[in-house]
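Trainee: Here's the letter readout for the chains.
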Amino acid sequence: MSARAYLLLFALASCLAAQITADRPLVVAHRGASGKLPEHTREAYLLAIQEGADFIECDVVVTKDLQLICRHEPQLNDTTDAAEKCRDRSTTYEIDGANVTGVFASDLTHAEVRQLRATQRLPFRNQSFNGNFSIPTFAEYLDIALQAGRPVGLYPETKHPAWHNLLPTLKAANTTIEKLVTDVLKSKGYDTSAPINSTAWLARPIVLQSFEVNSLRRLHELTPVPLVYLLDDAPDPQTSQPLFEMVSDANLAAIEPFVTVVAPWKGLLYRVSSDGGDKKLVSTGLTARLKQKGFIAHTYTLGNEAQFVLPTCGGDIECEFRFLFKSEGIDGAFTDYPGTLVQWLDKNYR
Amino acid sequence: MPAAKAPLVAVILATCLVAQIAAQRPFVVGHRGSSGKLPEHTKEAYLLAIQEGADFIECDVVVTKDLQLICRHEPLLDETTDAADKFKDRSTTYEIDGYNMTGVFASDLTLAEVRTLRATQRVSFRNQSYNGKFKIPTFEEYLDIALQANRPVGVYPETKHPTWHNSLPALKAAGTTFEKLVVEVLKAKGYTASAPFNSTAWRARPIFLQSFEVNSLRRLSELTSVPTVYLLDDAPDPETRQPLFEIVSDSNLASIKSFVSTVAPWKSLLYRVPVGSKKLVSTGLTAHLKRKGFMVHTYTIRNEVQYVLPTCGGVIACEFRFLFKLEGIDGAFADYPGTLMQWVKKNYKYTPI
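Residue numbers (UniProt numbering), protein chains in the order written: chain V, 1 to 350; chain P, 1 to 353.
These are calculated hints, taken from the structure and not from any lab test. Each residue gets a CB set at the ideal place from its N, CA and C atoms; glycine is no exception. Mixed in with the good hints, there may be bad ones.
Claimed, not checked - Once the Cα atoms are required to be at most 27 angstroms apart in a straight line, the calculated DSS-like pairs of lysine-lysine come out as:
1) P:K292 to V:K171
2) P:K292 to V:K291
3) V:K291 to V:K186
To be verified - Far from chain P, some chain V residues (derived; all Cβ distances over 12 angstroms):
4) T21
5) F129
6) F133
7) D143
8) I144
9) L170
10) S193
11) A194
12) N214
13) D233
14) Q238
15) R271
16) S283
17) R289
18) S327
19) R350
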């Protein structure tokens, strides 16, 4: 067989093998394969794709010259060498009511960000790649997904949108983080109005996520891409709605027109009951409630290390998988180790 | 005025007046007595609350070593009595609701020993000049204070840390529960016929039984049918560990309806202030609970400016308007019951309980 034929066969095989489907939970590589490689780097994204992730996730923050990069927060000290390289640029901002000090992406030009190298945030994870990898732009992240050879979904997050939208640079340019994000998506052909799980969407999967419901509202005015509302055990940082109000009938009905997926922190899905001495996981009923109200339910974040695994599982991550996917019926999950979850899903779903 | 409109206006006006008269005014609960002015949970604080017009006086019930019931906000006595000096050698550590607490515990003293203690003012910026003067009342003495008032004064006892109390060796050895101990005393004082809420029997001896632990209310409801109150904090139920959003879900509220008459959320759960806004916005919790058929009480109202709701600029009448006029709260715990009752009398037609 000719080389081309082999190539076609291989492409077909991986296409069929790793087709995103609505029949099994989606694997979202949380900041890429961030358990193994420094988060939000090209390398972490590529490894996630290699391990079979359905989606790779980018948290979008904005530089001083309005370029979009992938970083978990505007403050760069915890995941790059910015503290050494830009020592004199350290400053303090108040974000969501807390003072944060360090070197901020919004104070560096993109050229300056290009000088930085990524580091592993968690001390008990592999430190040997520190200083090797660059910080990718949002456009580069999109290209990685587009060049994967099989459909790889995008899962960008607008990070601290209210804070970003108040920055002098954005105001001076009369723009918003939502506009900046959707402009880049448009330029890469991601502005089709394919509903979630449709054939067209499965060919070019994308959702947009945020902790701030009003960011989703603004995104909804700019793009037909399906939206994800992230819930933490804390109020919406901008509306200040407490959790019980966010999941009330009235509020869920109010957001239903523009929110497709609700993604609670996994700690909100269960509690530990010590009925009769034996500790067990009991569902709080939140997943069922969201699904009953017509939402798709995702959750975050899974990690292989024993301290991240759900209580009562004794560190056994398959116990967590069984609870989230078999018991709760979660439709998709963020994980730092996409390969582990992909392998378990391959064994437990068609 | 056109002929057809005049009768309509008259009807509307009449309905308005009737509604004004009939509008159930909120209850004023003296939180630990009149605790803003006098050391909390003392005969003196309870009497002052009654003098100031409180509808209810509140006792938090804790248990002594010899299974006597006293009124104290927590089993640890150091913060509101002189126990730390008088019983220095009895200091110990217990884990309660996941926290380690160290000091002199009521459950390690006999009632005779508790009787030697004197109450102190817990809050440093409140009147310290009564420290060392007042005794610690028993639960029975508290009930007598209410019964001997010259108008119906209700009681509002709380079972404090019921799971912790029920696991104490003294209670287990006696084969009893905290709930049984409380109800026995209530029975002896004639409170167990006070059901249902607002019946003639209830209005003669008004009572609410409150707890943060829903299963304590369940156990109480098996012993007596007087109205119960489920207290909610911005935290899970200490015993079931149900988080707040699960507690207030439709299914959970339906499951507790048969034995809980009132839900009492912490007042901060009732509102939020959107970032950058200068107005209080309702979280809808009060309305949700009322729709599900519960009465709604809240805690705690305090005069000092740092305790008044945000956006009110320290003006407590602003807080009252939000809680009672906007939210429709049916009753509230106040450290200064006199202040609240004065406002209630000005804004509602006053009727006794």
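Trainee: State for each hint whether it applies.
Mentor: Outcome of the hint check:
1. P:K292 to V:K171: It is violated: about 46 angstroms lies between the C-alpha atoms, which goes past 27 angstroms.
2. P:K292 to V:K291: Given that 27 angstroms is the threshold and the Cα spacing comes to 22 angstroms, the pair holds.
3. V:K291 to V:K186: Between V:K291 and V:K186 the Cα gap is close to 31 angstroms, so the pair fails against 27 angstroms, i.e. violated.
4. T21: holds, 31 angstroms
5. F129: holds, 38 angstroms
6. F133: holds, 35 angstroms
7. D143: holds, 35 angstroms
8. I144: Correct as stated: the minimum Cβ-Cβ distance to chain P is 35 angstroms, above 12 angstroms.
9. L170: holds, 16 angstroms
10. S193: holds, 31 angstroms
11. A194: Fine: 33 angstroms to the nearest Cβ keeps V:A194 off the interface.
12. N214: violated, 10 angstroms
13. D233: violated, 8 angstroms
14. Q238: violated, 5 angstroms
15. R271: Violated, since 4 angstroms does not exceed 12 angstroms.
16. S283: violated, 9 angstroms
17. R289: For V:R289, whose nearest Cβ neighbour in chain P is about 7 angstroms away, the distance does not exceed 12 angstroms, so it is violated.
18. S327: holds, 16 angstroms
19. R350: Holds, since 33 angstroms exceeds 12 angstroms.
The structure fails hints 1, 3, 12, 13, 14, 15, 16 and 17 (numbered hints given earlier, in ascending order).
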